[in-house]
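Residue numbers (our numbering), protein chains in the order written: chain A, 1 to 485; chain B, 1 to 495; chain C, 1 to 99.
Derived by calculation from the structure, the hints in this document are not laboratory data. For glycine and all other residues, C-beta sits at the position ideal for the given N, C-alpha and C. Incorrect hints may appear among the rest.
Take a look, some chain B residues computed to stay more than 10 Å from chain A by CB distance [what the hints assert, rightly or not]:
| id | residue |
| --- | --- |
| 1 | 49 |
| 2 | 198 |
| 3 | 260 |
| 4 | 298 |
| 5 | 319 |
| 6 | 363 |
| 7 | 474 |
These stretches of chain B come out as covered by chain A in the derived footprint (C-beta under 8 Å, 3 or more residues) [what the hints assert, rightly or not]:
| id | segment |
| --- | --- |
| 8 | 91-98 |
| 9 | 306-317 |
| 10 | 446-452 |
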Amino acid sequence: MAHEAVIGLECHIQLNTRSKMFCGCPAEFGAAPNSNVCPVCLGLPGPLPITNRAAVDAAVRLGLALGCEVRGESVFARKHYFYPDMPKNFQITQYDRPLCEGGALPVRIGDTWRSFDLIRVHAEEDTGKSFHPERHGDRQISRVDFNRAGVPLLELVTQPVFRDPAECAAFLIALRRLVRWLGISEGDMEKGHLRCDANVSIRPAGTEAFGTKTELKNLNSIKGVEKGLTAEIARQEGVVKSGGRIEQATLLYDLDHDKLAIMRTKEHAHDYRYFPEPDLPLLRVDEAWRASARERMPELPWVRAERLVSRWGLPAYDAGILCEQRELADYFEALAAHGEPKLASNWLMTEVLRLLKERNWSLADWTAQVPVSRFAAFLKSVASKELPGPLAKQVVVWLADEPGDVPELLERHGSKVQSSAEDLMPLVRAAIDENPGPVSQYLAGKTATLGFLVGQVMKKSGGQAVPQTVKDMLEAELSRRAPAR
Amino acid sequence: MSASELWRLSARALAERVRGGKVTPAAAVESGWEGPGAAWEADVRAVAHADTAARARGAEAVRSGPLQGVPVLVKDNLCTTDYLTTCASKILAGYQPPYDATVIRRLRAAGAVVTGKGNMDEFAMGSSTEYSCYGPTRNPYDLARVPGGSSGGPAAAVAYGLCPVGLGSDTGGSVRQPAAFCGVFGLKPTYGRLSRYGLVAFGSSLDQVGIFARHAGDVADTYAALAGHDRFDATTRGTPAPDVSRWDAGVQGMTFGWPANLWKEGVDAAVVEALDEAAAALERAGARRVAIEFLPGEFSVATYYLVATAEASSNLARFDGVRYGFRHEDSPDVRALYTRTRSEGFGPEVQRRILLGTYALSAGYYDAYYLTAQRARTRIRREYEAAFARCDFMMLPASPTLAFKLGEKTENPLAMYLSDIFTIGANLAGIPGLTVPMGLAKANGGPALPRAVQLLGPDDAEPRLLAAGRALEARGEVARIGREHETEFAWPTRR
Amino acid sequence: MTITRDEVKKIAELARLEIPEARIERMAGELSAVLDFAGALQRLDLEGCEPSVFAPADAPLREDALDDRRLSQSAALAAAPEAEQGFFLVPPIVENLAP
Chain A
1 MAHEAVIGLE CHIQLNTRSK MFCGCPAEFG AAPNSNVCPV CLGLPGPLPI
51 TNRAAVDAAV RLGLALGCEV RGESVFARKH YFYPDMPKNF QITQYDRPLC
101 EGGALPVRIG DTWRSFDLIR VHAEEDTGKS FHPERHGDRQ ISRVDFNRAG
151 VPLLELVTQP VFRDPAECAA FLIALRRLVR WLGISEGDME KGHLRCDANV
201 SIRPAGTEAF GTKTELKNLN SIKGVEKGLT AEIARQEGVV KSGGRIEQAT
251 LLYDLDHDKL AIMRTKEHAH DYRYFPEPDL PLLRVDEAWR ASARERMPEL
301 PWVRAERLVS RWGLPAYDAG ILCEQRELAD YFEALAAHGE PKLASNWLMT
351 EVLRLLKERN WSLADWTAQV PVSRFAAFLK SVASKELPGP LAKQVVVWLA
401 DEPGDVPELL ERHGSKVQSS AEDLMPLVRA AIDENPGPVS QYLAGKTATL
451 GFLVGQVMKK SGGQAVPQTV KDMLEAELSR RAPAR
Chain B
1 MSASELWRLS ARALAERVRG GKVTPAAAVE SGWEGPGAAW EADVRAVAHA
51 DTAARARGAE AVRSGPLQGV PVLVKDNLCT TDYLTTCASK ILAGYQPPYD
101 ATVIRRLRAA GAVVTGKGNM DEFAMGSSTE YSCYGPTRNP YDLARVPGGS
151 SGGPAAAVAY GLCPVGLGSD TGGSVRQPAA FCGVFGLKPT YGRLSRYGLV
201 AFGSSLDQVG IFARHAGDVA DTYAALAGHD RFDATTRGTP APDVSRWDAG
251 VQGMTFGWPA NLWKEGVDAA VVEALDEAAA ALERAGARRV AIEFLPGEFS
301 VATYYLVATA EASSNLARFD GVRYGFRHED SPDVRALYTR TRSEGFGPEV
351 QRRILLGTYA LSAGYYDAYY LTAQRARTRI RREYEAAFAR CDFMMLPASP
401 TLAFKLGEKT ENPLAMYLSD IFTIGANLAG IPGLTVPMGL AKANGGPALP
451 RAVQLLGPDD AEPRLLAAGR ALEARGEVAR IGREHETEFA WPTRR
Chain C
1 MTITRDEVKK IAELARLEIP EARIERMAGE LSAVLDFAGA LQRLDLEGCE
51 PSVFAPADAP LREDALDDRR LSQSAALAAA PEAEQGFFLV PPIVENLAP
């Protein structure tokens with residue numbers, strides 16, 4: 001019997017606010033251990049939390065972007081469990097009245113957009129960090145650092161809407177893109193800005209009822225999400241196939257060894273004893289706040305992708321790629337305004353993105369070197385066929401590294417575009433003389449051979465000839481040489 | 001007045017002398033510790049942490065202000081940078097906070113000097129100051145009796161004259177009940193008027209810092225110095241605190257509620273007598289008595305012991321031996337560290353309440369206990385609102401009994417809880433309450449004990465409660481220090 | 001009794017407290033007495049009574065700025081039962097992950 005997986009994700013997004021969720025300590029990463037702490041986030045006796053407006057605003061913006069219902073009044077609650085990196089041994093989070101409910105995230109899978117439904121998005125505080133036990137003299141100890149304790153997090157919980165790990169990966173990539181697009185988080189999974197747990201169950205394909213689910217924790221990379229879920233689904237199928245029953249459990253996935261470990265079974269389930277945080281007032285987000293958040297909302301990636309199609313005539317695929325980064329979409333549209341949108345899209349999607357990847361550059365690194373007007377001028381020379389393709393690719397690299405407009409760059413590098421018959425004719429003749437076979441084939445009517453000959457001329461020109469010119473000249477020269485019929 | 005007699009002065013009179021340069025801050029602070037004070041403290045044991053060097057530094061650093069040079073004994077659950085803060089618990093043994101509570105900062109800003117940390121029931125859980133890891137504080141009027149609690153240390157210290165003002169905390173009566181047992185004024189302000197930042201939390205939605213003093217005017221001056229919004233406490237109110245500068249304005253034309261149904265039974269005759277005398281005195285001063293019926297206190301006690309313990313079980317989770325305080329040294333893993341540290345670090349009453357609160361919040365019982373109790377609070381608050389629609393404030397006992405004997409109630413938790421029956425309602429409703437001392441009861445085979453009444457008002461009624469308290473004080477109805485070898489305080493009737 | 005021995009053990013475990021076997025019975029009795037007393041609330045008419053909230057509705061949120069309450073590393077660790085190289089030290093954490 002074939003099974004299908006049912007997966008729901010619980011994602012934690014670390015916000016990029018200056019200060020922590022409930023105190024004025026720096027929320028930055030990388031300080032000396034236990035140096036970004038104060039009586040509040042260290043859980044000393046006596047202090048009280050005060051909610052960070054910017055963190056709530058980030059939650060409101062994300063909620064509105066996702067089409068959630070943003071509550072006018074929501075409630076912070078205490079969630080209790082003992083753990084050494086929890087300064088108060090409770091976490092201030094939201095429970096039965098979260099800030100945002102419902103909503104969905106549109107995700108581009110291939111050329112189509114799919115919408116994955118959400119249960120909720122709420123604000124909470126992060127924990128500190130505890131480390132694996134280590135030897136310390138004649139005993140074992142663990143180290144604890146509270147710098148991260150109290151850093152603002154948003155928790156986003158999806159409905160059980162995913163059917164395979166690839167969908168989950170695509171969702172996370174889209175979520176990462178969105179939080180960056182909104183400017184609320186760096187969204188770097190490797191740095192823990194975006195963390196993911198998953199609830200996984202399987203059921204006979206085509207049935208409706210849910211199976212017993214397990215919780216898979218600490219899927220801290222896109223690859224980890226895909227491989228961890230794949231492993232857990234396979235494990236569950238193995239259990240069922242061998243006649244066993246899935247037990248409710250919490251598992252940890254070890255990406256390095258591609259192994260699952262069961263951490264906790266149902267008997268050790270927690271009783272979090274939630275109750276409303278008495279030190280904080282109701283969280284009020286009135287219509288004025290929501291309206292202001294809407295005003296400050298950038299055009300969202302999926303809306304923008306549609307507009308790139310309708311306004312600039314791009315294929316949906318191009319629009320999707322360009323909307324992976326808000327800055328890229330901005331750059332594209334600025335270029336497109338100079339004319340030649342499709343050409344701009346092609347060059348951005350291929351040469352420019354390749355260069356950024358090779359150099360590990362951000363788009364900002366690129367635009368600092370190649371402002372819109374400079375690249376628009378470049379595209380104009382490409383469009384007018386003044387600049388042949390192979391040479392243009394080289395020019396892209398020069399643009400990234402050097403000042404000057406296209407003619408200056410060509411001049412500096414001793415390259416010039418060979419488009420005069422005077423320059424090219426010797427090359428055209430040489431190509432014909434050196435390739436009697438293809439020439440006779442062409443003359444015998446196999447015109448496709450012309451491409452080969454064009455290539456030969458291009459090669460001889462060092463890529464500096466304009467292919468159309470070369471083609472025209474070759475045709476003229478060959479017809480001159482054709483035996484009269 | 002000789003330097004050795006300075007301890008008799010009101011805070012206001014003492015501050016005036018310090019301001020005028022007639023008395024040094026050091027002399028003002030030390031007066032309570034010298035002479036009779038030293039003998040008193042040896043018997044009463046009101047102080048949990050004393051430090052002569054810290055006092056000297058405090059006196060050195062005195063700022064000018066309304067409480068200039070006034071020594072204040074502060075309950076051991078208010079964080080201070082110059083004294084240990086242990087909540088009288090082994091689990092905080094040796095703990096030195098790195099910050100001052102907001103009320104401590106404001107005390108210092110007003111010129112006051114923290115003269116030490118007052119004894120208390122561990123984590124403010126108790127009504128007798130017997131549940132302290134330092135041992136009990138005794139009632140200065142009868143050393144065989146309790147000073148009340150949980151703020152018994154500051155109450156007793158103000159009563160015997162260590163200092164004219166003390167700070168406590170009041171979660172269910174922990175300022176008003178010991179004030180009554182020790183014969184001093186005790187104010188629990190409106191919830192949200194005094195910052196809780198730096199007060200080690202017990203029941204967050206109930207806790208308020210409270211003020212002890214021997215004079216209504218000193219309560220008013222201290223309240224004025226401390227009250228107001230604190231950007232570090234989201235539960236403080238944003239509006240300006242009520243103006244208590246007219247604490248001596250009298251009660252002419254005021255009405256006070258008289259819920260006599262509350263003391264039909266189970267209340268000592270001496271307490272009822274104090275109520276009758278106080279009511280008559282207020283009437284003579286121009287106030288009018290209005291008979292009202294009020295909700296029996298049992299509902300409040302039931303509500304309180306669910307809300308307070310639930311919040312306490314949460315607030316006390318942070319004491320785990322990881323970052324500060326006591327740690328059980330022999331723990332193979334971190335889970336054992338928690339269990340052993342907490343089982344050994346918390347006393348039995350604290351453990352009892354943590355268990356009760358954990359139960360009230362646990363899955364399956366939350367609705368029946370915690371949620372029901374929070375709804376009952378709303379009902380109780382409405383009862384008060386209805387009462388205050390008919391009167392400016394109401395009068396009732398602060399405690400059903402006079403000071404009881406040490407050990408009398410420690411074996412029966414519920415009996416101990418019921419001794420808060422008249423004070424708990426104000427915490428549940430968030431309203432202010434003031435204990436007004438009413439002299440001494442007739443001696444009954446032992447030393448005469450203080451009597452008191454409690455006044456409750458609607459939100460921000462502190463000015464009229466203090467005016468009423470002052471009206472009773474001015475008519476000479478207040479208590480006097482009780483040990484035969486001491487003379488009466490030199491209290492002015494008019495200042 | 002409202003609370004059984006087993007329940008006392010369960011909540012003690014939740015609260016990370018250890019009640020000696022000999023005291024469990026008595027603790028169950030004491031807690032039950034208080035809870036039975038709290039049963040009085042069932043007699044109170046709570047129709048239309050929402051749970052109380054005491055924090056003021058108009059409390060301002062905090063602007064996203066640093067403040068001066070931050071502690072130095074040495075102050076943060078000053079009261080620690082055990083610390084080393086800037087870290088708090090605890091016995092080994094054998095429960096492999098937080099909830």
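- Task: Three residues minimum, CB to CB under 8 Å: does the segment 446-452 of chain B make the cut for coverage by chain A? Let me know.
- Result: violated (count 0)
- Apply the coverage criterion to the segment 91-98 of chain B and chain A: a residue qualifies when its Cβ sits closer than 8 Å to a Cβ of the chain, and three qualifying residues are needed. holds (count 4)
- Query: Would residue 49(B) pass as off the interface with chain A, using Cβ distances and a cut of 10 Å?
  - Reply: At about 15 Å from chain A, residue 49(B) clears the 10 Å cut-off, so the statement holds.
- Query: In terms of Cβ atoms, is chain A entirely out of 10 Å range of residue 198(B)?
  - Reply: Violated, since 4 Å does not exceed 10 Å.
- Are all C-beta atoms of chain A more than 10 Å from that of residue 474(B)? holds, 38 Å
- Hey, is residue 260(B) genuinely clear of chain A, shortest beta carbon separation above 10 Å? It holds; residue 260(B) is separated from chain A by about 34 Å at its closest Cβ, greater than 10 Å.
- Quick one: work out the minimum CB distance from residue 319(B) to chain A and report holds if it exceeds 10 Å, violated otherwise. Violated, because the least Cβ-Cβ distance between residue 319(B) and chain A comes to about 8 Å, which does not exceed 10 Å.
- Test the statement that residue 363(B) is away from the interface with chain A: the closest C-beta pair must be farther apart than 10 Å. Not fine: 5 Å to the nearest Cβ puts residue 363(B) too close to chain A.
- Query: Since residue 298(B) was said not to touch the interface, does its Cβ keep a gap of more than 10 Å from each Cβ of chain A?
  - Reply: Its Cβ never comes within 10 Å of chain A, the nearest being 24 Å, so this holds.
- Task: Mind taking a look at whether chain A covers the segment 306-317 of chain B? Criterion is 3 or more residues with CB to CB distance under 8 Å.
- Result: holds (count 5)
Hints 2, 5, 6 and 10, counting from the list given before, are not met by this structure.
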